Amino acid sequence: MTTTDWRRAATGALALAAALGLAGCTGDSGAAPAATASPTANPAISPELPRYVAAADEANVQGPATVIRAGARPTVVDDNGRVQAMVMRDESRTTFTKGNYRLTVYCVGTGTLYAHFAIGGVSKIEELPTCDTARPTVSSVELSLPADAADLSVIIMPIGDAQAGVAYQVQRQ
Amino acid sequence: MTVPRRIRTAVLCASALAAGLIGSTVATAPAHAADVTPYACDEVGTHYRTFNKTNIHIPTGVDWKSGPGGTVTSSIEKNQSATVGVSIGATVSTSAVVASAEATFSIDASVTSSRTESYTYSNNIAAGKYGHLQFGNWGWRMSLEKYTYNSSCVLTEDVTGTVTKMPSANSWGFRFWETTS
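Protein sequences appear in the order of chains A and B. Under this note's numbering, think of the first position of the first sequence as 1, with each following residue one higher. Under this note's numbering, think of the first position of the second sequence as 1, with each following residue one higher.
Calculated directly from the structure, the hints in this document are not laboratory data. These figures come from a predicted structure and were not determined experimentally. Heads up, the beta-carbon is just placed ideally off N, CA and C, and yes, glycines get one too. Wrong hints could be hidden among the right ones.
Stated by the list, open to error - Simulated pairs of lysine-lysine, DSS-like, Cα-Cα distance not exceeding 30 angstroms:
#1 K124(A) to K98(A)
#2 K124(A) to K165(B)
#3 K129(B) to K124(A)
Unchecked claim - Quick list of simulated restraints, FRET-style, between CB atoms:
#4 A44(A) to T104(B): 30 to 40 angstroms
#5 G89(B) to A147(A): 46 to 56 angstroms
#6 G89(B) to A44(A): 41 to 51 angstroms
#7 P68(B) to S46(A): 19 to 29 angstroms
#8 K98(A) to G45(B): 51 to 61 angstroms
#9 S66(B) to G63(A): 15 to 25 angstroms
As the list claims (entries may be wrong) - Facing chain A, from chain B, some residues (calculated, C-beta under 10 angstroms):
#10 C41
#11 I76
#12 T116
#13 S122
#14 N124
#15 D158
#16 T162
#17 A169
#18 W177
#19 T180
All chains should be built: construct the whole structure from the sequences, respecting the hints.
Given below as structure tokens:
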């Protein structure tokens, strides 16, 4: 990986903070995580990545409480021979009734993720447990809405050279 | 800020010309006329200034619609691509515009950003409403100024316009919204 590639990866890590600005998070865990992406000697995309994606997707089973289900995607892609870290971001422009909501993230592969979960003015940012190559790592971020609120956003960002398949769903408790 | 700098530069250039010094605005002050360097203007050439950035979703895929009520679900779409769009009364270098924005806002932008495929996504729809899902790039919209100084340090072009869309290099995803029909 060239210096430029790593600059992009590191900038991708920084993108979470920028993305949070758009998400308008003013909630109870407002501090953005420090960007920790750093160059390492791991220039290639793992040939196991498709398997990681498939396994994360399979683990993400929709249930009766599921409001949103996002299929698995890789944390890195091949950009003309360069490894490009990818920020996952989805937004729902609708009203969410007051109550408790849970973001459940399924990760298979290597590395660690940050997850940002926001509904209206309530948000949380958490560093998730390290992904595992053998089985899905399941982790949750929970929000409690004291009143109806508009607009939901989920941003999941790989830290450093994480290579994983990641899926998630949002449930209303 | 660019404008004050340009004003300052123009004033310095004009002053130098008026004084007959024909000196550089960036060189150290010469002690004697014989030491005067050839005329140089530090802003010769074409420049781009980006400002007033806002975040946008640049749709690249199908508008998946379902309802009323229920769930809207997307299928995987291949070869998604988003490219810079500019509305301005002049020719521009899109790569230079992107470079300007990256330096100004510390963003990771791209002239063209592509994904070989999207992914599945489903979102519940409120009762009585229609739900829409669309895959795309989370990029930016911003104002743009292009200005050019000739070799005499004269401003020969100054045009403002809009970067209607500038894709992110690494941020893609779905946007869901509802309509009544």
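Minimum Cβ distance from T180(B) to chain A below 10 angstroms?
-> violated, 12 angstroms
Should the hint that W177(B) touches chain A count as held when the rule is a Cβ pair under 10 angstroms?
-> Since the shortest Cβ distance to chain A is 4 angstroms, the answer is holds.
Given C41(B) as an interface hint, is the shortest Cβ-Cβ distance to chain A below 10 angstroms?
-> violated, 31 angstroms
Between K98(A) and G45(B), does the C-beta distance stay in 51 to 61 angstroms?
-> holds, 57 angstroms
Is the gap between the beta carbons of A44(A) and T104(B) within 30 to 40 angstroms?
-> holds, 33 angstroms
Per-residue hint verdict: A169(B), partner chain A, C-beta under 10 angstroms = holds, 6 angstroms
Look at the Cβ atoms of G89(B) and A147(A) and judge whether their distance stays inside 46 to 56 angstroms.
-> holds, 48 angstroms
When the least beta-carbon distance from S122(B) to chain A is tested against 10 angstroms, hint result = Holds: closest Cβ of chain A sits about 5 angstroms from S122(B), inside 10 angstroms.
Keeping to a limit of 30 angstroms between CA atoms, is the pair of K124(A) and K165(B) held or broken?
-> holds, 29 angstroms
Does I76(B) pass the interface hint, meaning its C-beta sits closer than 10 angstroms to a C-beta of chain A?
-> holds, 8 angstroms
G89(B) and A44(A), beta-carbon distance inside 41 to 51 angstroms?
-> Given about 46 angstroms between the Cβ atoms, the range holds.
Given the hint of 15 to 25 angstroms, check if S66(B) and G63(A) actually sit that far apart at their C-beta atoms.
-> holds, 20 angstroms
Of the numbered hints listed earlier, those contradicted by the structure are 7, 10, 15, 16 and 19.
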